[in-house]
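Engineer: Read off the chains here:
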Amino acid sequence: MSTATCSLLRMSVEEDRSFELDDYAGPVARWCPGCGDHSVLAASQRLLREEQLAPEKTVFVSGIGCSGRFPHHLGTYGFHGIHGRALPLATGVKLHRPDLNVFAVMGDGDCASIGAGHWVHAVRYNTDMVALMLDNHIYGLTKKQTSPTTPQGYRTNTQPHGSFLPSLNPLTATLGITNASFVAQTAEWIPQHLQATLRAAYRHRGFAFVRVLQRCPHYTLSMFIDAVRDPDKIELLVHEDGVQVDGLEKIYEHVRPHDPSDLDFARRLAEEDSDPEHPIRLGVFFRDPSRAVYDVIRRVPSRSAGEKVELLNRELDRHAI
Amino acid sequence: MTTPTETRGDAAPAKATGRPRADAQAGREADGKIVHRLDQHIVEIVSDSGEGAQTCGKIFGTVSARMGNGVWTVEIIPAEIEPPARSPAGASGNRIRLGSREVTNWGDYTNLVIAFNEQVLLARHRAGALAPDATILLEDMWKRHDDPDILDQWSAAMEELGSADYRIIPVPMEKECLEVVDDARRGKNMFALGVLSAIYGRDRELLEGAIARRFAKKDDEITRRNVELLDRGMRWAEGHLDFQIEVPPTSDASAKVVMNGNQAIALGAIAAGLELASMYPITPASSVSHYLAEIFQDYGGILHQAEDEIAAAGVAIGASFSGKTAFTITSGPGMALKTEFLGLAIMTETPLVVVDVQRGGPSTGLPTRVEQSDLLAALFGQPGDAPHVVLAPATIEECFHSMVLARRIAETFRTVVIVLSDANLATGVQPFPRPEPRAEWQGSPPDQGAVPDGARPYEWDPRTGLSTRFIPGQEGGQFTATGLAHDEESHVAYDPQVNQRSSRARSRKLAVLQSTLTPPPIYGEGSGDLLVVGWGSTKGAIEEAVERARAEGLSVSSTHLTFLSPLPPGLTEMFGRFGRVMTVEINYSDEPDDPFITPENRRRGQLAWLLRAQTLVDVDCWTRVMAEPLRPGSIHEVIRDRLAVTGGVA
Numbered sequence: 001m002s003t004a005t006c007s008l009l010r011m012s013v014e015e016d017r018s019f020e021l022d023d024y025a026g027p028v029a030r031w032c033p034g035c036g037d038h039s040v041l042a043a044s045q046r047l048l049r050e051e052q053l054a055p056e057k058t059v060f061v062s063g064i065g066c067s068g069r070f071p072h073h074l075g076t077y078g079f080h081g082i083h084g085r086a087l088p089l090a091t092g093v094k095l096h097r098p099d100l101n102v103f104a105v106m107g108d109g110d111c112a113s114i115g116a117g118h119w120v121h122a123v124r125y126n127t128d129m130v131a132l133m134l135d136n137h138i139y140g141l142t143k144k145q146t147s148p149t150t151p152q153g154y155r156t157n158t159q160p161h162g163s164f165l166p167s168l169n170p171l172t173a174t175l176g177i178t179n180a181s182f183v184a185q186t187a188e189w190i191p192q193h194l195q196a197t198l199r200a201a202y203r204h205r206g207f208a209f210v211r212v213l214q215r216c217p218h219y220t221l222s223m224f225i226d227a228v229r230d231p232d233k234i235e236l237l238v239h240e241d242g243v244q245v246d247g248l249e250k251i252y253e254h255v256r257p258h259d260p261s262d263l264d265f266a267r268r269l270a271e272e273d274s275d276p277e278h279p280i281r282l283g284v285f286f287r288d289p290s291r292a293v294y295d296v297i298r299r300v301p302s303r304s305a306g307e308k309v310e311l312l313n314r315e316l317d318r319h320a321i
Numbered sequence: 322m323t324t325p326t327e328t329r330g331d332a333a334p335a336k337a338t339g340r341p342r343a344d345a346q347a348g349r350e351a352d353g354k355i356v357h358r359l360d361q362h363i364v365e366i367v368s369d370s371g372e373g374a375q376t377c378g379k380i381f382g383t384v385s386a387r388m389g390n391g392v393w394t395v396e397i398i399p400a401e402i403e404p405p406a407r408s409p410a411g412a413s414g415n416r417i418r419l420g421s422r423e424v425t426n427w428g429d430y431t432n433l434v435i436a437f438n439e440q441v442l443l444a445r446h447r448a449g450a451l452a453p454d455a456t457i458l459l460e461d462m463w464k465r466h467d468d469p470d471i472l473d474q475w476s477a478a479m480e481e482l483g484s485a486d487y488r489i490i491p492v493p494m495e496k497e498c499l500e501v502v503d504d505a506r507r508g509k510n511m512f513a514l515g516v517l518s519a520i521y522g523r524d525r526e527l528l529e530g531a532i533a534r535r536f537a538k539k540d541d542e543i544t545r546r547n548v549e550l551l552d553r554g555m556r557w558a559e560g561h562l563d564f565q566i567e568v569p570p571t572s573d574a575s576a577k578v579v580m581n582g583n584q585a586i587a588l589g590a591i592a593a594g595l596e597l598a599s600m601y602p603i604t605p606a607s608s609v610s611h612y613l614a615e616i617f618q619d620y621g622g623i624l625h626q627a628e629d630e631i632a633a634a635g636v637a638i639g640a641s642f643s644g645k646t647a648f649t650i651t652s653g654p655g656m657a658l659k660t661e662f663l664g665l666a667i668m669t670e671t672p673l674v675v676v677d678v679q680r681g682g683p684s685t686g687l688p689t690r691v692e693q694s695d696l697l698a699a700l701f702g703q704p705g706d707a708p709h710v711v712l713a714p715a716t717i718e719e720c721f722h723s724m725v726l727a728r729r730i731a732e733t734f735r736t737v738v739i740v741l742s743d744a745n746l747a748t749g750v751q752p753f754p755r756p757e758p759r760a761e762w763q764g765s766p767p768d769q770g771a772v773p774d775g776a777r778p779y780e781w782d783p784r785t786g787l788s789t790r791f792i793p794g795q796e797g798g799q800f801t802a803t804g805l806a807h808d809e810e811s812h813v814a815y816d817p818q819v820n821q822r823s824s825r826a827r828s829r830k831l832a833v834l835q836s837t838l839t840p841p842p843i844y845g846e847g848s849g850d851l852l853v854v855g856w857g858s859t860k861g862a863i864e865e866a867v868e869r870a871r872a873e874g875l876s877v878s879s880t881h882l883t884f885l886s887p888l889p890p891g892l893t894e895m896f897g898r899f900g901r902v903m904t905v906e907i908n909y910s911d912e913p914d915d916p917f918i919t920p921e922n923r924r925r926g927q928l929a930w931l932l933r934a935q936t937l938v939d940v941d942c943w944t945r946v947m948a949e950p951l952r953p954g955s956i957h958e959v960i961r962d963r964l965a966v967t968g969g970v971a
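Sequences listed follow chains A and B, in order.
Here our numbering is used: the first residue of the first sequence is 1, the next is one more, and so on.
Here our numbering is used: the first residue of the second sequence is 322, the next is one more, and so on.
These aren't lab readings, by the way, just hints derived from the structure by calculation.
A few of these clues could be false.
Claimed, not checked - Simulated restraints, written as ranges between beta carbons of each label pair:
#1 B:His611 x A:Gly176: 25 to 35 Å
#2 B:Met947 x A:Asn313: 38 to 48 Å
#3 A:Ser304 x B:Ser836: 30 to 40 Å
#4 B:Ala771 x A:Arg299: 24 to 34 Å
#5 B:Asp774 x A:Thr142: 35 to 45 Å
#6 A:Leu21 x B:Pro817: 29 to 39 Å
#7 A:Asn313 x B:Ala574: 56 to 66 Å
#8 A:Gly176 x B:Asp473: 51 to 61 Å
#9 A:Arg199 x B:Ala948: 56 to 66 Å
#10 A:Asp246 x B:Thr785: 56 to 66 Å
For every residue, glycine included, the Cβ atom is placed at its ideal position computed from N, Cα and C.
Just need the whole structure built from these sequences, with the hints factored in.
Structural biologist: In structure tokens:
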């Protein structure tokens, strides 16, 4: 998001209000115990506090699925939309109200299957917002159907002999879209990294796409079990313009310096992420703050009712007989 | 004066007089010409696509309106952008009905045609568009063409056209235009404009001004040459035709504007204070967005072309949720795609205006042609119980004002308002009283004040179902709008009572809106033998038919519904004052005497269906889906038929 706008916002807010975590809390979340959504919710609330975003100036938009409930558990404004369509709703909010902080929260099926068309175009619009893809590799709420990111061979209720196709790689897909400006990956079981990634995404001006790897305690718990237990299965991408968490490299020893402005290399790193033999890469793959931002391009000066009536009268005169 | 004329292609020369219609006053001589003074006349100009007939027709229509005539212009549009030359399917042009009073519809059959080749003329003949005694001005270069195939086509066409009683006058358009320009294809339209302008006595200065405006972006030489072609056409007509047609102007001197229905919707949206339009290209709705794309930003507005129809609805709903009501523009196939999002807007009580410029359906149907077949889908097309407002402008003027009304209702009632226009209004051009936009139509900027302590986002009034909307930015108003069943706090409902209560609130709002409406006015007497009920763009044709029937002494009246959901009050009582009630619509219905059709299985016109359900009156219908607007003459015949009047229409 535009840091200039944010600091202005903060200045006006800081005068008489300061926000605590409680200000961002909504009704208690009803996700299953052990669901990765809890972790992302907590990290989001910490981000809001850290950035001191006014709850009434912040909107979380979601689609359908377990992730769809996300806004319900926040103290901000929220719009729990329909399956796959969080991004058009969020685009509408930001286009009409550039003063609001906009977050879109999607699941893997939500974003990469039923909403795939919107995903491609939202990346290209590069509207200033944070887009979280909560990727547990499965349809959870509808009870274990194959999602686009389900690994090949994984048994589900719709493909009981194993998922037929190689899984879709959301990182390479996003990096392939013209005008992509921020692509990152993090994991819900590493809260410091998740937190730092959300911060980098929020501070980016443009469409910040963050894929959050997460466990579904019911249907895909085994999928990340090795990565959770064995730090060697993780590789951190670090850079001063990306994500760096002090002390994290003591646990995760595979550290790769990666300049997020290098798109070609980002694509190669992302491509290798499809390989199960390869460590999971976490960090900012790509960032280019200079790319065209749709809501900025489309911003127009507002007009008073009186001005509009005057202009309209002139326009009607052009049709006068 | 030598007057090259022919009838049926091969007939002996005859006098090139335009045919007066039965309602013409006796011709009088002026400068040796017979002048037919008429209270209305329908003229059309038709060419291959790309020969500029539409430009010619538009200028002719605009100048006629400026001269004080009632005007209704309809575009003749081929389905393709550049169909093959000289093919009937490629006929392109404009059809202009001129009147000496306000013209409310396209009328019956064309009285005078200027055609650039015999094939496009054939298209109009085969479409049954021409009056049996129409006067036809036809480019005659084809009958002397070098290509034997063209000569054969010409002869065959003349033979086919010979079945009607047309008066065909050859016009050497190509030859005349080559005196001015090297490529006659680029000049015939202005020459034709000159011919028509001489016939109808159009003002030379207004024509020149209109041409200058049309070519304002090109260099002056282009304008000069087009005016030269115009003059040449006028001189040719003065020298070779011995008739003129005079349609006196209206006596109404009030300020007027002239535009088509889609332009009126675009300007109406701006007048209504709408500041975000979101759309995906679709015929015949797209031209609304073309106009907005030109001017909307000057008004602080954004026209967003979304990646698809669904996203177009989503962006509009997201914008509405966060501030001022937004709108989306589409046609039938797009409505189908937006369905789920409309349900979300209704469920979350997010105001939204949806414009459906109807075309022929189902599926891709007839993309450029008029139909009124989306009514029931607009009303009931959303799964679940999804009460919302549907209204239909009947005139181009109403296209403008319905947007103001729609925005106000959407915000006041926190609901979706669907505005059903159609291809007839979208492309029809008509002068109408100049709207006087008001600042209060713009609505208030979104409330950004803190919400009162304890207020809830869906504080449904138990009587009215109404509640006050919270808008992001309002401190203390934070809530999550959701398509899930929810309670007053917008919390997901686990108690089944909540769904009953919230459904009641959403439904009650329609009854409350209805309580503010009045019964629709009746055209004609308040009681009688037959009441014709219509909706949307058919109003002018229905009322003209009723007027003709009443002039014959028939006891018939009509009424026209703007509100389709909720229906206006008083219909049952009104219908009771007539012996019979029938709807007239442009959608499909079974004929009662067709094979297998019984009163129980007969699929009726969509409004008839609705009225029968809501009033329990045995409402009959007459509908046609002939890819064109209804003709007053056809409706007149139906009225006579229903009232069992024998003998032809006078």
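Engineer: Are the hints correct? Go through all of them and say.
Structural biologist: Evaluation of the provided hints:
1. B:His611 x A:Gly176: 25 to 35 Å: 32 Å, holds
2. B:Met947 x A:Asn313: 38 to 48 Å: Holds - the Cβ-Cβ distance for methionine 947 (chain B) and asparagine 313 (chain A), about 40 Å, lies within 38 to 48 Å.
3. A:Ser304 x B:Ser836: 30 to 40 Å: 34 Å, holds
4. B:Ala771 x A:Arg299: 24 to 34 Å: Once the Cβ atoms are compared, 27 Å apart, the range 24 to 34 Å for arginine 299 (chain A) and alanine 771 (chain B) holds.
5. B:Asp774 x A:Thr142: 35 to 45 Å: Check passed, 40 Å falls within 35 to 45 Å.
6. A:Leu21 x B:Pro817: 29 to 39 Å: 34 Å, holds
7. A:Asn313 x B:Ala574: 56 to 66 Å: Since the Cβ atoms of asparagine 313 (chain A) and alanine 574 (chain B) sit about 20 Å apart, the hinted range of 56 to 66 Å is violated.
8. A:Gly176 x B:Asp473: 51 to 61 Å: 57 Å, holds
9. A:Arg199 x B:Ala948: 56 to 66 Å: 59 Å Cβ-Cβ, so the 56 to 66 Å window holds.
10. A:Asp246 x B:Thr785: 56 to 66 Å: Taking Cβ atoms as reference, aspartate 246 (chain A) and threonine 785 (chain B) lie about 58 Å apart, which means the hint holds.
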